[in-house]
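Novice: So the protein sequences, as listed, match chains Z and F.
So in my numbering, the last spot in the first sequence is 404, and the numbers never skip.
So in my numbering, the last spot in the second sequence is 281, and the numbers never skip.
Calculated from the structure, these hints are not laboratory results.
Hints are supplied without guarantee of correctness; some may be wrong.
[Claimed, not checked] A few chain Z residues that face chain F, going by a derived Cβ cut-off under 7 angstroms, partial list only:
hint: 1; residue: 89
hint: 2; residue: 92
hint: 3; residue: 95
hint: 4; residue: 150
hint: 5; residue: 180
hint: 6; residue: 181
[Claimed, not checked] To be clear about the criterion: a stretch of chain F counts as covered by chain Z if any three or more of its residues have a C-beta under 8 angstroms from a C-beta of chain Z, and this derived list gives those stretches:
hint: 7; segment: 33-41
hint: 8; segment: 56-67
hint: 9; segment: 100-112
hint: 10; segment: 156-167
hint: 11; segment: 190-203
No experiment lies behind these values; they were computed from the predicted model shown.
C-beta: ideal position from N, C-alpha, C; glycine also.
Listed below, chain by chain, are the residues.
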Amino acid sequence: MIIRHVAVRSGPRVFARRSLQPLRRFLSSEVDPIDQATNNSIKQTQSLEAQLNALPPQPVPSIDPETPGTSPAAQVTDSVAEQYHQYKKRQQLIGNLGSDISPHYQPHTLLNNPPSPADVTLELLLASEAHQGHATSLWNPANARYIHGIRQGIHIISLEVTAAHLRRAAKVVEEVSRRAGLILFVGTREGQDRAVVRAAELSKQYHLFERWIPGSITNGQQILGRCKTKVINEKDEEIPGFEEQLYDRPVLRPDLVVCMNPLENYVLLHECALNNIPTIGVIDTNADPTWVTYPIPANDDSLRCIQVIAGVLGRAGEAGTKQRLLAAERGEVVYRPAKNLKMPGEDDGLANPSPEAAADVSQRLQNDESLGNADELEAKLEDANNGDGRRQQRINLSA
Amino acid sequence: MGRYDLRAIRVRQTAKALYDSKRVPDLPPWYNTVGDIPPSEALARPVLRAPPTRGRSRKPSRMFQPLAIHHPEDKLREDFFGDHPWELARPRLIVEDSGNDAKGFNWSSIVQPGKQLDGESVVQRQMWLMKHQSLSKPAAYDQARKEFYRHRHLEAIKQRIAKEEALHVGAYFGKGPLEIGIELEDRTWESWKKWAARQIEDEESMRSQMFSGPQNREAELGNLELDEALEEVQSSVPGSSAGQSALGGAAVHP
Chain Z
6 MIIRHVAVRS GPRVFARRSL QPLRRFLSSE VDPIDQATNN SIKQTQSLEA QLNALPPQPV
66 PSIDPETPGT SPAAQVTDSV AEQYHQYKKR QQLIGNLGSD ISPHYQPHTL LNNPPSPADV
126 TLELLLASEA HQGHATSLWN PANARYIHGI RQGIHIISLE VTAAHLRRAA KVVEEVSRRA
186 GLILFVGTRE GQDRAVVRAA ELSKQYHLFE RWIPGSITNG QQILGRCKTK VINEKDEEIP
246 GFEEQLYDRP VLRPDLVVCM NPLENYVLLH ECALNNIPTI GVIDTNADPT WVTYPIPAND
306 DSLRCIQVIA GVLGRAGEAG TKQRLLAAER GEVVYRPAKN LKMPGEDDGL ANPSPEAAAD
366 VSQRLQNDES LGNADELEAK LEDANNGDGR RQQRINLSA
Chain F
28 MGRYDLRAIR VRQTAKALYD SKRVPDLPPW YNTVGDIPPS EALARPVLRA PPTRGRSRKP
88 SRMFQPLAIH HPEDKLREDF FGDHPWELAR PRLIVEDSGN DAKGFNWSSI VQPGKQLDGE
148 SVVQRQMWLM KHQSLSKPAA YDQARKEFYR HRHLEAIKQR IAKEEALHVG AYFGKGPLEI
208 GIELEDRTWE SWKKWAARQI EDEESMRSQM FSGPQNREAE LGNLELDEAL EEVQSSVPGS
268 SAGQSALGGA AVHP
């Protein structure tokens, strides 16, 4: 009954509306008839063609200059210039069409153009996820002073501490590099290889991205005894003819090891500690900071973070190497040359390749090194350590 | 074992000792550097929270544990994602561009250039409304939520139209997740069928091997014997009023 009433009541209205205005559906799907659409598109094409024809005709240079149809050279250059002109014109016309791309993160820039120690900001570290530690249950309590707090079950590393330690480590790398120490950049985790190689490339030092062969330091004569070594002068140019003398020299050891993943490289760090080699390591909240000399508390699982850290240290090494080479250009040698090497032409006499340099260096070291002062400082530091903490140390250092 | 190895931190002291005792001819090149830039102190455990006076944890050792970090948005976030749990299942961009991304946003509108519309937008918009228009928490939530629904709807329409247009001009989007799922299921089903058939075959061959010897006919009752046995128990079938006596069972089940 009700249905019938509804039909009776609203039926005429529906029909009336329909007759007055067509349904919206028909409006939206209304399209040109096919021939009209074709005409339209032909018109468009013709207008485009007209525009193109308005441009002066351009000869297309042949790819192969040997073919008979080649135009003479002058004409080719003309056309090249013309083409360039056209290209510029077109660029001016349509270059700024399309959407604006705001500056955004491009992963390759961290490798191509890594940040220098001066570029380290808390924002950069935050964006590279340096603050994310591990689950709270996995922590090593020795890292307590690097930890800012707990968020969603993981420890958050304090980025201020990270930045401070990173800058300090960069300074160490720079200084060691300036004094011609050998630096080894180690990152054996998957994906760290490029960052490590880049850092070594920048600072003209050494890298390791595969397994550390245990004993390469403690048993180096057996493992690395047959590796090639070379003699270089202060300008990093190789001097040939030392092969026989190099044959029975002890193998080289790094003067500083930078390790991106200390957890997997305990053997390496232990060997360094045994052989009194300072180390720099990225310490996550589950790693032991006493394994390394200079910890950098940061997230070692983020490749972006590792790239930032390796890039910063690489840039620091680059700066140090540059300083050393500049000093070499001025004729200064800031490091102690290798001993017991004779120039290949001479039979005896010279103890090292550049005696003047050695004398200079020894004098510089006498002036510069100030062992006595360093010892005093050390004693003060020990006192400070027995007292309370960091602040006092800093005061003593600056005093 | 339980001891700290501080050799790595004491490299400079060791180098000095070695040099003084003439074990090494000269100091390493990093000697001054490490002296100028000493390693930070290791194994210090600062007090990170006030000693608990009341509450669950009265252990003084808790004083050395880091504190939890709380933000005012946390509760809002919890509310929104509690009401819309499937928002968490949507893929989300979490890569930071510069680390300052959030500073460029102005939450006077829920749509931000350079940020996808998701639950976080609702939370931030709600925060903004509560702060700048001094709306109450539920009112701000309602407004932000409704704006979010509207823009989500528009987004869905945009995507649908774009897909239709692309399909119209000949795009091919490949198989959908359902098709891929069905295909995988079919493949597994077919392989299971093969496996089951092989299994049945094996079992049958095993059985035929087991019974390949002469059949033991003595265990079975002959026709005559069966008849006799049945006659014997005829009187005690359960249908009778007397019921079944226990005696007859032996002949039926030898």
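Novice: Against this structure, judge whether each hint is valid.
Specialist: Here is what the structure says about each hint:
Violation of the interface hint for residue 89(Z) is found here, the shortest Cβ-Cβ separation to chain F being roughly 35 angstroms, above the 7 angstroms cut-off. The beta carbon of residue 92(Z) comes no nearer than 30 angstroms to any beta carbon in chain F, farther than 7 angstroms, and the hint placing it at the interface is violated. The criterion of a C-beta within 7 angstroms of any C-beta in chain F is not met by residue 95(Z), whose closest approach is roughly 26 angstroms, and the hint is violated. The criterion of a C-beta within 7 angstroms of any C-beta in chain F is met by residue 150(Z), whose closest approach is roughly 5 angstroms, and the hint holds.
Hint status for residue 180(Z) relative to chain F: holds, with the closest Cβ pair at about 4 angstroms, below 7 angstroms. Hint status for residue 181(Z): holds, given a least beta-carbon distance of 5 angstroms to chain F, under 7 angstroms. For the segment 33-41 of chain F, the proposed coverage by chain Z is satisfied: 8 residues have a C-beta within less than 8 angstroms of a C-beta in that chain, meeting the threshold of three. Requiring three or more residues with a Cβ within less than 8 angstroms of a Cβ of chain Z, the coverage given for the segment 56-67 of chain F holds, as 12 such residues are present.
Only residues whose C-beta sits within less than 8 angstroms of a C-beta in chain Z count toward coverage, and the segment 100-112 of chain F has 0 of them, not enough to reach three; the restraint is violated. Coverage of the segment 156-167 of chain F by chain Z is violated [criterion: at least 3 residues with CB-CB distance below 8 angstroms; count 0]. Given a C-beta distance limit of less than 8 angstroms, the hint that chain Z covers the segment 190-203 of chain F is violated, as 0 residues qualify and 3 are needed.
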